[in-house]
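Engineer: Residues per chain are reported as follows:
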Amino acid sequence: MSKYAKAYSVLERWKKHLLNIPGVKAVGITHINCNPTIAVIVESEDVVKYLPSSIEGVPVAYRVSKFRLFLERLLYTSPAFRSARVRPVPGGVGISSTKTLGGTFTCTVYDLKTSEKYGLSCNHVLAFWFGPVKKAEIGEPVIQPPKAYGGTEEDRIGSLFKVVPIEEDKENIVDAALFKPDDPAILDDYILDIGELEGWSHPLVGMEVRKSGLSTGTTHGIVTVTNATVKVVVEIEGKERVFTFTDVCLASATKGRMGYYGDSGSPVCEIGRAYIVGILFAGDEETGDIAFFPIKNVIKELNVSPVKERTPVYAKEEKTKFLATIGAVGSGIALTGLFTFVAEKKGK
Amino acid sequence: MVKVRFIVRDINTKAPIKDALIQLNGFKVTTDEKGVAEIEIPEGTYTIVVTAKGYEPYKIESISITEPITITVDLAPSYVFLIRF
Chain V
2 MSKYAKAYSV LERWKKHLLN IPGVKAVGIT HINCNPTIAV IVESEDVVKY
52 LPSSIEGVPV AYRVSKFRLF LERLLYTSPA FRSARVRPVP GGVGISSTKT
102 LGGTFTCTVY DLKTSEKYGL SCNHVLAFWF GPVKKAEIGE PVIQPPKAYG
152 GTEEDRIGSL FKVVPIEEDK ENIVDAALFK PDDPAILDDY ILDIGELEGW
202 SHPLVGMEVR KSGLSTGTTH GIVTVTNATV KVVVEIEGKE RVFTFTDVCL
252 ASATKGRMGY YGDSGSPVCE IGRAYIVGIL FAGDEETGDI AFFPIKNVIK
302 ELNVSPVKER TPVYAKEEKT KFLATIGAVG SGIALTGLFT FVAEKKGK
Chain E
40 MVKVRFIVRD INTKAPIKDA LIQLNGFKVT TDEKGVAEIE IPEGTYTIVV
90 TAKGYEPYKI ESISITEPIT ITVDLAPSYV FLIRF
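From first to last, the protein sequence lines stand for chains V and E. All residue numbers for the first sequence refer to the numbering used here, where the first residue is 2 and numbers rise by one. All residue numbers for the second sequence refer to the numbering used here, where the first residue is 40 and numbers rise by one.
Do not take every clue at face value.
[Said to hold, decoys possible] Using 20 Å as the maximum straight-line C-alpha spacing, the simulated EDC-like pairs for lysine to aspartate or glutamate come out as follows:
{"hint": "1", "chain 1": "V", "residue 1": "K50", "chain 2": "E", "residue 2": "E72"}
{"hint": "2", "chain 1": "V", "residue 1": "K50", "chain 2": "E", "residue 2": "E106"}
{"hint": "3", "chain 1": "E", "residue 1": "K67", "chain 2": "V", "residue 2": "E238"}
{"hint": "4", "chain 1": "V", "residue 1": "K50", "chain 2": "E", "residue 2": "D58"}
{"hint": "5", "chain 1": "E", "residue 1": "K92", "chain 2": "V", "residue 2": "E44"}
[Claimed, not checked] What the simulated footprint calls covered on chain E by chain V, stretch by stretch (three residues with Cβ under 8 Å from a Cβ of chain V suffice, anywhere in the stretch; the number is not a length):
{"hint": "6", "stretch": "44 to 52"}
{"hint": "7", "stretch": "72 to 83"}
Treat the hints as calculated values from the structure; they're not laboratory data. Glycine included, C-beta positions come from ideal geometry on N, C-alpha and C.
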């Protein structure tokens with residue numbers, strides 16, 4: 002068994018017990034000195050005395066962070082162009098339903114079977130279906146700008162179409178909802194500061210990422226943990242309830258903070274190419290670390306694609322490889338010609 | 040209710056381990072400076088997990104507890120340090 006496979010299987014066997022340690026917020030996999038390491042996110046240094054240094058030989062590392070959903074506390078720090086009314090609506094600006102405060106519009110997505118156009122964001126941004134609570138019903142108007150920034154029914158862009166409910170007694174893999182635009186032309190394929198998506202990929206530890214969101218705009222960071230199981234506390238009807246999300250990734254900003262309240266729904270993309278890797282849904286208000294779920298889980302749960310052209314990503318990579326090969330062959334021919342020329346000259 | 044006493048020690052030196060966390064299903068207790076912890080729990084079958092900084096964790100699965108008992112757990116030290124990242 003490879004050291005990676007071993008780390009994943011050890012995590013699977015021990016994650017329940019690690020999450021039961023008081024003050025442990027999340028567990029996942031990180032890489033330290035090129036070794037897969039079990040990452041434990043704790044809410045304070047006081048918890049560290051209970052943490053093992055290794056489990057079945059796999060090293061353990063910890064980080065102090067307090068993850069919460071970035072919701073219900075918009076701080077009105079948004080750049081004007083992300084909180085103002087804009088048509089067509091690009092990814093990275095504020096939206097909400099008429100029953101929720103607001104968050105970030107992730108991007109336009111396309112049904113995998115019918116190619117019909119929808120808008121994507123977090124469940125807690127558009128609908129808030131948490132356990133027994135449903136703030137917005139299917140068909141509820143979706144507005145841009147969001148309610149928190151003065152949006153009203155006159156700013157309607159569509160209606161709530163599909164929601165993945167978040168349950169207390171299961172491991173949730175996404176916090177996502179779709180809305181159907183009143184007119185397909187009202188949604189732009191463009192994401193602010195990122196451009197039109199060319200594809201999607203899977204986040205890896207060490208990957209450099211950027212996100213485009215309502216409150217903090219475009220920020221950059223590094224994926225620090227993958228395969229994480231995170232306990233998120235949500236206040237519902239005056240009572241704190243714990244919801245568990247699994248297959249989550251964590252990222253930290255390279256400078257400043259990566260996200261804040263109102264950034265939920267932000268597309269998290271690769272740096273260097275317009276490939277989406279996930280959707281921001283939670284974070285730590287003190288450190289600015291973010292939690293996001295991989296885009297592949299949205300594709301699986303909602304049967305939608307974030308790219309209009311449904312060419313598989315590998316096809317584009319093949320095209321790139323082909324062009325590189327042509328380039329290499331071309332260079333080879335040129336070099337051969339040059340060497341022949343030099344040899345002929347020397348021969349003279 | 041049944042009283043369970045734990046003694047948690049270093050496997051090599053037999054020195055007591057302070058602040059070891061013992062989980063018995065939903066119940067939790069920590070050891071004192073003598074490496075001792077006591078807890079009263081309902082009779083039943085438990086999975087016991089012991090964790091402490093600097094050591095490999097220890098797990099006993101499906102142990103039936105029906106009468107007062109003392110359980111001695113010897114933890115093996117880790118050969119790596121717990122690091123902050």
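Engineer: All the hints need checking, so say for each whether the structure fits it.
Structural biologist: Against the structure, the hints:
no.	hint	in the structure
1	K50/V to E72/E	holds, 13 Å
2	K50/V to E106/E	violated, 30 Å
3	K67/E to E238/V	violated, 29 Å
4	K50/V to D58/E	holds, 7 Å
5	K92/E to E44/V	holds, 16 Å
6	44 to 52	violated (count 0)
7	72 to 83	violated (count 0)
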